[in-house]
Every structure is written in C-alpha cells, then in structure tokens.
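**Student:** Protein sequence lines correspond, in order, to chains W and L. Note that the first sequence covers residues 109 to 226 in this note's numbering. Note that the second sequence covers residues 992 to 1235 in this note's numbering.
In case anyone wonders, no lab produced these hints; they're calculated from the structure. In this text the structure is predicted, and so the values were computed from the model without any measurement. Errors might be hidden in some of the hints.
[Stated by the list, open to error] A few chain L residues that don't get close to chain W, going by computed Cβ distances all over 10 Å:
{"no.": "1", "residue": "MET1018"}
{"no.": "2", "residue": "PRO1031"}
{"no.": "3", "residue": "SER1097"}
{"no.": "4", "residue": "VAL1153"}
[As the list claims (entries may be wrong)] One-sided and incomplete, this derived list gives chain W residues near chain L with beta-carbon spacing under 10 Å:
{"no.": "5", "residue": "THR116"}
{"no.": "6", "residue": "ALA187"}
{"no.": "7", "residue": "LYS201"}
Beta carbons are placed, not taken as given, at the ideal position from N, Cα and C, and that holds for glycine.
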Amino acid sequence: MLDIFINTLVIIFACIGIFFFLVGTLGLIRLPDVYTRLHAGTKCDTLGAGSILFALAIYERFSINGLKMVVLAFLVMVASSTTGHAISRAAYKIGIMPWRKKVLDVFPEEESENVTES
Amino acid sequence: MKKGIIIFAVFLFWLLLVSAMVSLPPMGSPENPAYSHIVPRYLEEGVEEAGAHNIITGIILNYRGYDTMGEVTVILTALMGVLAVLGRENLLHHTSKVDESTIERSVIVKCVVRLLVPFIILFALYIILHGAESPGGGFQGGAILGASVIALTLTFGFSLTVKKLPLKYRTVFESAGPLGFFISGVIGLFCGLNFLTYIIPSVAPAYQDLIRHLLLLIIEIGIGVGGGTIIASVFLAMEKVGKE
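Could you build all of it, start to finish, from the sequences and the hints given here?
**Tutor:** Here it is in structure tokens:
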C-alpha cells in the first residue's frame, strides 16, 4: 500500500518536471525577447529539474542517495535562478527594452503611424 | 603539358588513397582488430595491469602514459602561445572591464558566488582525487577548478583574483602537469626501469599496489592543478584591459 502511494507521488512529481521542461523549451523557442525567454529557460532548471530530482529523492526513500538528490536540486535551483538574474540585469543595464505587444492598425483613422502601441 | 602531369599525379594519388580506403576494415564492425584484440585485453586485465579501477584512467595514465604526457605538454604550450601574443597581466598597468564599469554589482550574484565557489573547488578536488576509482580525473577536475576562478573573476573583478592567485605561485602551478609526469616517471628510472614504470620490483609485493596508486595520484593532481591554473591564466590574460 505504501509502495503504491510512494510510486504515485514519484510519477506525479516526474510528470510535473517533464511538463515544465516541455513548456520551458517551447518558450525558449517561441517567446519574443530576452526577458521572456529567460523566464522560460530558468523554469526548466528550477521547476523541471527540481521536480524530477525531488521525485528521484522520494524514489530512493530519502536514503543517502536521496539526500544527495535534494542537495543537488537545491544547488541547481540556486545556480539557475542566479544566472537568470545576472543575465536579465545585464540586459536591462545595457538598455534592452522589454518587449511590448504591438498592434498593426491596418486602417488608420488619421495619417498617423501605422503601428501603434497598445 | 605540365598541368596534365600534375592532374595525372593527383589522380594516381587519389587511386592510392581510394584503394587504401577500400582495404580498411568496415567501420563499426565487431570483427575489427580494435575490437577483437585490444578491447577484451583492456576490459579483462586492465584493472590488474593498470592499477586503476576506472579503466579509462588506467588506459590514459598507464597504457598510453607517454601520449597523455604529450597532451599535458600541448596544453602548457598553448598557454605559452597565448601569453606570447597577449602578454601577462600586471596590476600596475592593467585592469578589467568588471573593475572599470560604473554599474554597481548585483548583491544576489555576489552572495551566491561567494556561497558556491568553495563547493565548486571542493567538487573539483574530489573529481581529481577520485579519478582512479570513478568517472573523472585530472583533466575534468582541472576544468572545474578553472571555471571557479572564472566565476570569481567575473563577479569580484580582476584585482582580487590576481591578488589571491599571485603570479609567483601561478608560474609554478602552470607547469604542474608535466612536472607530475616527470616526478612519477623518474622514480622508475632511478630503480633501473623504463620511464613511467609504475610497478617497482624492489618494493615488497604488499606495498606495490599502494606505490602504484600513489604515483598515479601524483600525475592526477599534477594534471588537475596544472590544467586549472592554465585555464585561469589564459582567462586573466584575455580579460585584462590597459589602464590609461
């Protein structure tokens, strides 16, 4: 009974990890600028790798190997989020503006610019 | 006429190369001499003959010791080439972009690097010392050691790293790779054996394994420390910016 419960937990956490890896990779390809891509990319490491390592730790029943997984998850989370912070801060300091949604106004009412910010 | 002769000679050479290609054993076939003679020997007797539980370490340090010694020398020569072109850094004349920038450094990055770098160095030392037992070894550990220095330099600036790793120590550590091979190899010479012989018959049989392990360890530490310091030195030489 306990085995079934633990295995269910492992599968749930592993699925969460796989989902975030998928979403992060998709976001890295599809999102428009540095900040949003970083947002997607760091999700892979923090939530994706974190959940999968946590699932492995549960699978090992928090023995010595399982505790190693927890330490590994902590290090990955700290290092990945710090890298994301450093890159986004550097991008902001050298003057990359965050992306804004632009609407293409096909029938302008006046002779203003075709592209307006909304 | 001359062109015709050249084309004919090239054609003959091409024929020679193609005939050599055809007579090569098929790629990836399990009947290749490489798979049928060398690999079983390495896998079956490698651990006993080479004295390392990690067969790769046994191969690169024992069966192919001369080759690895050459590789280590190549890395040192690469550093010499970089230094010949870029020159050593000097705190009196040089600074770096990190030191010069007016942007205040991020507290988060500083704090995390300060927290993580000791663990990175510890991990590098573990990989260097455990090279004979588990995956890893001198080259890999040295790369991690160099990466820790790079992280430190990018966060805290050039002057701190140069002060913590002064030039007089670095010049010694850079040559640690060939030096380790030299020390381990010459011990064999003094006992009347070939260069880089790890099994010394005059030692009591009970201690032979220990001696061989120790000699391999000297080489591993040499490769690791040397490789790490060389990476750090190349990075510092590339990072420096002239002071005006």
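**Student:** Taking each numbered hint in turn, which are not upheld by the structure, reported in ascending numerical order?
**Tutor:** Violated: hints 3 and 5.
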